[in-house]
Amino acid sequence: MSLNLQYEPEVVVDITGLSNEDWLEYRKSGIGGSDAGIILGVSAYKLPRDVYFEKIGRTPDMPEDENWVTLEVGKRLEDLVAEIFAKKTGFRVWKENRMLRHPLYPYMIADIDYMYETSSGEIGILECKTGSYYVKDKWDSGAVPYTYEVQCRHYMAVRNVFASYAACLHGNTENDFIYQKIERDLDFEEDLIEQEGMFWYDYVEKQQEPPLTGDGDLMLRSLKRYQAERNQQEELIFDNVYGDVFEKILEMKNEKSALDKAGRELEGKIKTMYAQFAAMLGSGTKGKCVADGCEYLITYKPSYRTLIPKEAMERMKLNDKEMFDKYASVSESRTFQVKKVIK
170 MSLNLQYEPE
180 VVVDITGLSN
190 EDWLEYRKSG
200 IGGSDAGIIL
210 GVSAYKLPRD
220 VYFEKIGRTP
230 DMPEDENWVT
240 LEVGKRLEDL
250 VAEIFAKKTG
260 FRVWKENRML
270 RHPLYPYMIA
280 DIDYMYETSS
290 GEIGILECKT
300 GSYYVKDKWD
310 SGAVPYTYEV
320 QCRHYMAVRN
330 VFASYAACLH
340 GNTENDFIYQ
350 KIERDLDFEE
360 DLIEQEGMFW
370 YDYVEKQQEP
380 PLTGDGDLML
390 RSLKRYQAER
400 NQQEELIFDN
410 VYGDVFEKIL
420 EMKNEKSALD
430 KAGRELEGKI
440 KTMYAQFAAM
450 LGSGTKGKCV
460 ADGCEYLITY
470 KPSYRTLIPK
480 EAMERMKLND
490 KEMFDKYASV
500 SESRTFQVKK
510 VIK
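Letter by letter, the sequence shown follows residues 170 to 512 of our numbering.
Just so you know, these hints were derived from the structure itself, not from any lab. Just so it is clear, the structure is predicted and the values come from calculations on it, not from any experiment. Warning: the hint list may mix true and false statements.
Stated by the list, open to error - Dumping the calculated SDA-like pairs for lysine to any residue here, alpha-carbon to alpha-carbon at most 25 angstroms:
#1 470 / 416
#2 244 / 299
#3 375 / 228
#4 197 / 371
What the hints assert, rightly or not - Label-pair distances were calculated between CB atoms; the ranges are:
#5 396 / 238: 18 to 28 angstroms
#6 418 / 246: 21 to 31 angstroms
#7 193 / 290: 48 to 58 angstroms
#8 464 / 172: 31 to 41 angstroms
#9 424 / 179: 27 to 37 angstroms
#10 408 / 179: 46 to 56 angstroms
Cβ atoms here follow ideal geometry from the backbone N, Cα and C, with glycine treated the same way.
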């Protein structure tokens, strides 16, 4: 497939003032950027099966809302991320208030956060993200989390531009802001268009449910989301050909139990060895050992956290913040660590 790059995106709708219900309805008309990574099987949150049900308008039997705070924070901070990006780069940045569609591959739609323009006239896409400090390493050395990269590549295809930036705010300081540039890759784009087309025409248009494959946790979550409440009185008799599979499951469970036990035993031995050196440190919190060209750095630093004693728990439930403060106690814990430095 040779890509035709002589096109302008079609406008599906101006989303300014559009209700969330209407916006969701328009999203059913195609595959969006956030759907792309799911269809490629690289999402940590959903399966292609989930996207399929969303596109055909199937309401989840058991909606999941445990991530609503994270999603809401990300939505509300998009403007701030764009503002920081504009200030750090000097680029002109503006909000894209239109839902767009690829004129040659109409199953591809795009809800783009922002657009940017450089002083040299380059126009591209700005995808704004937020994340916790614990996932900051996924952006190290110029990398972009793969699901975000796929999302940006989908948008570049629909909007027909050749560059995009993914920007992410991980905290509340300037050092917690990262942005990376993604150049358009036409070979990748061809594959993406093909994969999305197969999904749309083979599953969505034919109302054919995709196979249940992927990560085990995601499979179970998907089944929970799109499966009605169980009839606990009904019993399914499985064909005896599955006997070997069930036997394998039991074998793996036993193997896992043995490994868990071995792990606990090793943990106990490690703590016994830790205790010897912790006793040598006494009230100290660090030490070191130089041997065979290596330096071992030893730390045994205290950390503190506030706990509510068990006996105060019931009383706490019946009282207000002042009572909570009265019964709260501060406990100390220390973590023993050994770090090897090769000289």
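Against the structure, the hints come out as follows:
1. For the suggested pair residue 470 and residue 416, the alpha carbons sit about 47 angstroms apart, so the restraint of at most 25 angstroms is broken.
2. Restraint check for residue 244 and residue 299: satisfied, since their Cα atoms lie roughly 9 angstroms apart, inside the 25 angstroms limit.
3. Proximity of residue 375 to residue 228 is assessed by CA-CA distance (about 18 angstroms); at most 25 angstroms being required, the pair is judged to hold.
4. As the CA atoms of residue 197 and residue 371 are separated by approximately 16 angstroms, the hinted pair is consistent with the 25 angstroms bound.
5. Take residue 396 and residue 238: their Cβ atoms lie about 26 angstroms apart, and the range 18 to 28 angstroms holds.
6. At about 43 angstroms, the CB distance of residue 418 to residue 246 disagrees with the hint of 21 to 31 angstroms.
7. Distance hint for residue 193 and residue 290: a CB-CB separation of about 36 angstroms, inconsistent with the stated range 48 to 58 angstroms.
8. For residue 464 and residue 172, the Cβ-Cβ distance of about 56 angstroms falls outside the hinted range of 31 to 41 angstroms, so the restraint is violated.
9. Taken as a hint, the range 27 to 37 angstroms is violated for the pair residue 424 and residue 179, whose Cβ atoms sit roughly 55 angstroms apart.
10. Hint check: residue 408 to residue 179, Cβ distance near 50 angstroms, so the stated range 46 to 56 angstroms holds.
Hints 1, 6, 7, 8 and 9, counting from the list given before, are not met by this structure.
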